[in-house]
Amino acid sequence: MFKKRIYIVILFVVILLSSFYTVQKNDVEEYVAKAAFIYNFTKFVEWNNDANSESFVIGVVGESPIYSALTNIASTKKINNKKIEVVKCKTTDVENCHCQILFVPENIGTKEFKDFLSALSTKNVLVITEHKGYLDYGSAINFLIVDNHIKFEINLTSLNKCNLKASAQLLKLAQSVQN
Amino acid sequence: MLNRLIYRCLFFIFCYIGSISSLMAQSDSISKILDMSIEELMQMKVVTASGKEESKLEAAATMVVITADDIKKQGYTDLSEVIYNLPGFDAINPNGRGGLVAYQRGYRTSITQRTLLMINGVVDNELWTHEALIGKHYPIYNIERIEVLYGPTSALYGANAFLGIINIITKNGSSLESDGQKFFASGQFGSFNTKSMELATIGKKGDFSYSFSGKFYRSEGADLSDKWGFNSNKMYSDTNTWGPVLQKYHYNVKYGKYYSPADDYGVLADVSYKGTKLGLINWVNKEGYGTWYAGDRAQNNGFWNKSSFQLYLENKSVINKLRLNTLMLYRKNRVWGDWAEAEPDWNVGMEKYSYISITNWNCVNSSWLLKEDVIYDINKNISFQTGLKYERKELTKAFDIPGYWGAYSSSVPSSSGGPHGYGAAIGHSQDSTYEMVEGPNKDMPPENLLYTDDIGGYLQLSAHIKQLKLVAGGRHDYNSIYGDNTNIRASIIYQFQKKGSIKLVYGEAYQEPPPRQLFGGWNGRKANVNLKPEKAKNIEFVANYGIGVMSLGTSVFYAHYQNVIKEEAENAGERTIYGLELRSMLSIKNMIPKSSSITGFFNYTYTEALSSIHYNHINQTWEDGETQLGDIAPHKLNIGVNLPILKYFNFNIRGNYVSERLVYTRNALRAKDYKVPAYFTMDCNLSVRFKAAVLAFKVKNLTDVNYFHPGVEQADAGDDFSKRSLGYRNSLLPQLGRNYMLSLYVDL
Numbered sequence: 001m002f003k004k005r006i007y008i009v010i011l012f013v014v015i016l017l018s019s020f021y022t023v024q025k026n027d028v029e030e031y032v033a034k035a036a037f038i039y040n041f042t043k044f045v046e047w048n049n050d051a052n053s054e055s056f057v058i059g060v061v062g063e064s065p066i067y068s069a070l071t072n073i074a075s076t077k078k079i080n081n082k083k084i085e086v087v088k089c090k091t092t093d094v095e096n097c098h099c100q101i102l103f104v105p106e107n108i109g110t111k112e113f114k115d116f117l118s119a120l121s122t123k124n125v126l127v128i129t130e131h132k133g134y135l136d137y138g139s140a141i142n143f144l145i146v147d148n149h150i151k152f153e154i155n156l157t158s159l160n161k162c163n164l165k166a167s168a169q170l171l172k173l174a175q176s177v178q179n
Numbered sequence: 001m002l003n004r005l006i007y008r009c010l011f012f013i014f015c016y017i018g019s020i021s022s023l024m025a026q027s028d029s030i031s032k033i034l035d036m037s038i039e040e041l042m043q044m045k046v047v048t049a050s051g052k053e054e055s056k057l058e059a060a061a062t063m064v065v066i067t068a069d070d071i072k073k074q075g076y077t078d079l080s081e082v083i084y085n086l087p088g089f090d091a092i093n094p095n096g097r098g099g100l101v102a103y104q105r106g107y108r109t110s111i112t113q114r115t116l117l118m119i120n121g122v123v124d125n126e127l128w129t130h131e132a133l134i135g136k137h138y139p140i141y142n143i144e145r146i147e148v149l150y151g152p153t154s155a156l157y158g159a160n161a162f163l164g165i166i167n168i169i170t171k172n173g174s175s176l177e178s179d180g181q182k183f184f185a186s187g188q189f190g191s192f193n194t195k196s197m198e199l200a201t202i203g204k205k206g207d208f209s210y211s212f213s214g215k216f217y218r219s220e221g222a223d224l225s226d227k228w229g230f231n232s233n234k235m236y237s238d239t240n241t242w243g244p245v246l247q248k249y250h251y252n253v254k255y256g257k258y259y260s261p262a263d264d265y266g267v268l269a270d271v272s273y274k275g276t277k278l279g280l281i282n283w284v285n286k287e288g289y290g291t292w293y294a295g296d297r298a299q300n301n302g303f304w305n306k307s308s309f310q311l312y313l314e315n316k317s318v319i320n321k322l323r324l325n326t327l328m329l330y331r332k333n334r335v336w337g338d339w340a341e342a343e344p345d346w347n348v349g350m351e352k353y354s355y356i357s358i359t360n361w362n363c364v365n366s367s368w369l370l371k372e373d374v375i376y377d378i379n380k381n382i383s384f385q386t387g388l389k390y391e392r393k394e395l396t397k398a399f400d401i402p403g404y405w406g407a408y409s410s411s412v413p414s415s416s417g418g419p420h421g422y423g424a425a426i427g428h429s430q431d432s433t434y435e436m437v438e439g440p441n442k443d444m445p446p447e448n449l450l451y452t453d454d455i456g457g458y459l460q461l462s463a464h465i466k467q468l469k470l471v472a473g474g475r476h477d478y479n480s481i482y483g484d485n486t487n488i489r490a491s492i493i494y495q496f497q498k499k500g501s502i503k504l505v506y507g508e509a510y511q512e513p514p515p516r517q518l519f520g521g522w523n524g525r526k527a528n529v530n531l532k533p534e535k536a537k538n539i540e541f542v543a544n545y546g547i548g549v550m551s552l553g554t555s556v557f558y559a560h561y562q563n564v565i566k567e568e569a570e571n572a573g574e575r576t577i578y579g580l581e582l583r584s585m586l587s588i589k590n591m592i593p594k595s596s597s598i599t600g601f602f603n604y605t606y607t608e609a610l611s612s613i614h615y616n617h618i619n620q621t622w623e624d625g626e627t628q629l630g631d632i633a634p635h636k637l638n639i640g641v642n643l644p645i646l647k648y649f650n651f652n653i654r655g656n657y658v659s660e661r662l663v664y665t666r667n668a669l670r671a672k673d674y675k676v677p678a679y680f681t682m683d684c685n686l687s688v689r690f691k692a693a694v695l696a697f698k699v700k701n702l703t704d705v706n707y708f709h710p711g712v713e714q715a716d717a718g719d720d721f722s723k724r725s726l727g728y729r730n731s732l733l734p735q736l737g738r739n740y741m742l743s744l745y746v747d748l
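Chains as they are written, first to last, in the working numbering: chain H, 1 to 179; chain L, 1 to 748.
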């Protein structure tokens with residue numbers, strides 16, 4: 001009888017652990033929503049260098065579950081009548097990652113972020129982060145999670161530095177706007 | 001046969017959950033939300049392991065949060081059920097006498113009295129015994145969340161924040177998005193003729209808001225007479241033992257059988273205008289003695305009543321960079337009841353007979369509290385927190401028990417020797433009749449009261465340096481009985497990711513000697529006015545991290561305790577406890593269309609508890625020499641899975657494993673190094689939603705496991721049912737078999 005209970009415990013643990021493994025690969029919900037936010041941001045931000053390009057490129061630094069969420073969007077949607085291309089950017093080579101939006105996942109450390117941000121500061125790239133405090137380091141939009149809801153904050157100085165224009169409507173929706 | 005069927009069903013359910021998690025696809029969700037505006041996206045609740053973790057990440061302690069959603073999904077109907085599924089608790093259920101006896105982090109005590117129980121930050125531990133009554137009287141469906149803190153925190157909270165804090169935070173009308181109100185009602189019917197009902201409402205109009213929740217709970221109580229010899233009806237009805245007591249009734253039920261009913265109620269309410277809140281906590285817990293005592297010593301058909309009444313006025317205001325919180329509070333606790341006792345006749349050859357008594361007893365305590373907390377934000381990274389507290393307590397000195405073995409009496413003269421010379425209420429089982437004496441006065445006479453003053457102040461600094469947070473503070477408290485106490489705390493918290501942090505935490509605490517042990521003695525229970533406060537020092541390492549949609553937490557702690565107060569009202573010895581707690585939660589996409597995510601939790605607790613003194617069962621004395629404290633299971637597992645099915649159904653299943661454990665060093669069974677066998681129990685809850693109504697069916701102890709908890713207090717009764725018990729408190733406590741509850745919730 002007792003052995004049976006032990007089996008049940010083991011079964012519980014094994015299934016949970018196997019679920020954890022698959023979860024890590026499929027990190028969903030939060031990043032599906034963030035990808036949708038990013039898609040929406042493009043309706044409220046103006047780029048001045050994308051007129052001649054054939055596609056709208058979104059770069060993702062390193063590994064993040066948002067990559068697959070953005071790829072799904074790219075397969076069905078267009079931005080400014082252009083097909084969407086999602087590319088992975090190496091942390092050591094971000095400045096050569098030609099894109100209009102650069103998403104920096106939370107696991108990118110402060111030092112790495114500061115290093116490649118300085119190289120991007122004059123380029124027309126919207127840098128989006130998801131790390132508390134990264135707005136201070138020069139990110140243009142930073143995601144926050146407040147009571148299980150996604151919010152975002154905007155750094156106007158960073159936007160201006162990158163020659164990007166955000167609509168007043170977007171600024172109004174932001175949790176906070178730094179200037 | 002039924003068990004096998006249940007096991008098979010469970011196997012398939014979990015295999016199904018496991019397999020579908022690997023088939024998750026994102027495209028459905030993507031297509032739905034791409035058409036949403038940013039405003040709509042911001043309203044959408046996202047499933048993230050970190051969401052409710054964020055406060056935990058920066059808390060200067062190990063912290064577990066139970067949300068209203070957890071309570072609903074897991075089908076919890078009272079606070080004790082929440083405790084069973086927490087890491088770091090050894091929960092003992094005496095099935096009566098008020099509620100669970102919960103030992104937090106391996107610190108065994110007579111009752112739950114070293115953990116602070118708060119309602120919206122207001123301490124609700126009883127004034128005389130310091131008992132946190134984890135019972136069925138608290139309304140549970142208006143709870144917003146329960147925050148459980150681990151480790152000593154007297155440097156911030158003052159006395160008795162010794163092992164940790166359970167803070168129940170109720171829903172507040174001001175949280176409504178717009179003016180309006182919400183109503184909630186629930187009713188439960190279950191095994192043992194159990195009935196309970198809850199009503200709750202919250203509302204808001206402009207700056208005015210309110211919150212009210214009320215509950216009553218009634219139950220005949222389970223009949224556990226066939227599970228443990230000292231609780232058998234044979235013990236309760238033995239004429240040699242009980243004599244004329246068996247002719248008497250308690251609330252229309254004749255003495256002489258196992259009978260332990262419950263009749264509890266509770267109200268939590270507040271009214272707020274802008275930053276000012278008037279709050280009320282009022283409850284009565286009226287329960288039989290369950291399996292606490294051996295049936296040849298005490299009838300469990302009696303009421304041990306406890307009540308709490310607290311009325312408070314709280315004001316929160318902001319002046320520039322100052323945040324002020326003022327609390328003015330009046331509280332009154334009463335502990336009273338009745339008690340049918342059979343003390344074995346000590347004369348040679350008369351052991352099977354008893355000195356019998358049926359007595360009523362009373363104890364009333366009250367206090368006035370004034371508290372001011374101030375937070376000063378120097379800038380966005382540095383803040384000071386300081387506070388002052390003054391509390392004046394009016395305490396009962398000795399239990400008022402007319403006619404009982406020379407105890408203090410407010411009605412019958414204590415000097416009255418009665419028929420046998422031991423007290424007006426003391427008869428003998430060979431007497432043909434028994435006459436009860438007059439009960440105590442409801443109010444305590446002034447000669448049995450004393451007054452104490454508590455003054456305390458603290459200062460705490462909190463600084464953020466990039467991703468680093470430093471918290472350091474100290475507190476000094478003075479009590480007019482036992483003097484001064486200073487405690488400090490310090491912690492370093494490094495938040496390395498949005499979902500991850502590591503902490504190194506040091507904390508100290510002190511536990512006041514409870515007035516019951518300082519003054520409340522009689523010849524059967526000692527009191528000691530020279531008791532010193534217990535001291536705790538704890539260091540721990542905490543890591544919280546999120547991987548995908550899973551959150552993990554780990555705490556490793558080492559705690560040292562001095563001046564430990566034993567059951568016998570003595571400061572004796574030290575304790576050393578170390579342990580590990582692993583906590584994990586996950587949320588994964590549900591493959592069933594239109595169904596919310598599948599969630600799960602898994603906790604593992606390892607605890608090693610050592611005492612510097614041990615009980616010598618041959619000499620019947622406490623002696624120096626380190627030993628396992630006992631009653632603390634080294635390994636404990638809590639596990640649960642919640643599966644929503646469409647919008648209408650929700651299935652929740654939980655399991656608790658408690659490893660084999662040596663009984664407490666004072667327990668009579670420790671003489672033969674008895675170990676309480678390991679057990680694994682499961683509870684499940686299936687709910688069906690139809691519009692605003694939810695019907696839920698809960699099964700506890702699904703596989704009908706027959707298991708025991710170790711006894712409480714001295715646990716000195718032993719297990720030789722062929723003789724009179726060795727002491728009053730049972731050494732083992734039988735637990736409930738499979739039982740059911742049907743609940744109906746209406747949310748308007």
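Calculated directly from the structure, the hints in this document are not laboratory data.
If you're wondering where the values come from, they're calculated on a predicted model, not measured in any experiment.
Even glycine gets a Cβ: it sits at the ideal position worked out from N, Cα and C.
Some clues are possibly wrong.
Said to hold, decoys possible - The following residues of chain H were derived to be distant from chain L, with all beta-carbon distances above 12 Å:
(1) 41
(2) 47
(3) 76
(4) 93
(5) 97
(6) 98
(7) 106
(8) 107
(9) 110
(10) 136
(11) 151
(12) 169
(13) 172
Said to hold, decoys possible - For lysine-lysine, the following DSS-like pairs were computed, each having C-alpha atoms within a straight-line distance of at most 25 Å:
(14) L:72 to L:469
(15) L:469 to H:111
(16) H:132 to L:647
(17) H:111 to L:72
What the hints assert, rightly or not - A short list of chain L residues far from chain H (calculated; beta carbon distances all over 10 Å):
(18) 37
(19) 68
(20) 192
(21) 225
(22) 248
(23) 250
(24) 467
(25) 495
(26) 612
(27) 648
### Query
Is the nearest CB of chain H more than 10 Å from the CB of residue 248 of chain L?
Check passes; 43 Å lies beyond 10 Å.
### Query
residue 106 of chain H clear of chain L by more than 12 Å, beta carbon to beta carbon?
violated, 5 Å
### Task
Decide if the proposed pair is consistent with the structure: residue 111 of chain H and residue 72 of chain L, CA atoms, cutoff 25 Å inclusive.
violated, 44 Å
### Message
Checking a non-interface call: every C-beta of chain L should be farther than 12 Å from the C-beta of residue 136 of chain H. Is that right?
### Response
Since the minimum Cβ distance to chain L is about 9 Å, residue 136 of chain H lies within 12 Å and the statement is violated.
### Message
Does residue 111 of chain H sit within 25 Å of residue 469 of chain L, going by the straight-line distance between their CA atoms?
### Response
Within the cut-off at roughly 19 Å; holds.
### Task
Could you let me know if the closest chain H CB is still more than 10 Å away from the CB of residue 250 of chain L?
holds, 39 Å
### Message
The output says residue 93 of chain H does not contact chain L. Does that hold with a beta carbon cutoff of 12 Å?
### Response
Given a closest Cβ separation of 23 Å, the condition holds.
### Task
Check the non-interface label on residue 47 of chain H: least C-beta distance to chain L beyond 12 Å or not.
holds, 18 Å
### Message
Does residue 151 of chain H clear chain L by more than 12 Å, comparing its Cβ with all Cβ atoms of that chain?
### Response
violated, 6 Å
### Query
Under the criterion that the straight-line Cα-Cα distance not exceed 25 Å, is the pair residue 132 of chain H, residue 647 of chain L satisfied?
violated, 35 Å
### Query
Per the stated criterion, does the least C-beta distance between residue 37 of chain L and chain H lie above 10 Å, as a non-interface residue requires?
violated, 7 Å
### Query
Is it correct that the beta-carbon of residue 107 of chain H has no partner in chain L closer than or equal to 12 Å?
Nearest chain L Cβ is 6 Å from residue 107 of chain H, so the label is violated.
Of the numbered hints given earlier, the model fails hints 1, 3, 7, 8, 9, 10, 11, 12, 13, 14, 16, 17, 18, 24 and 25; all others are met.
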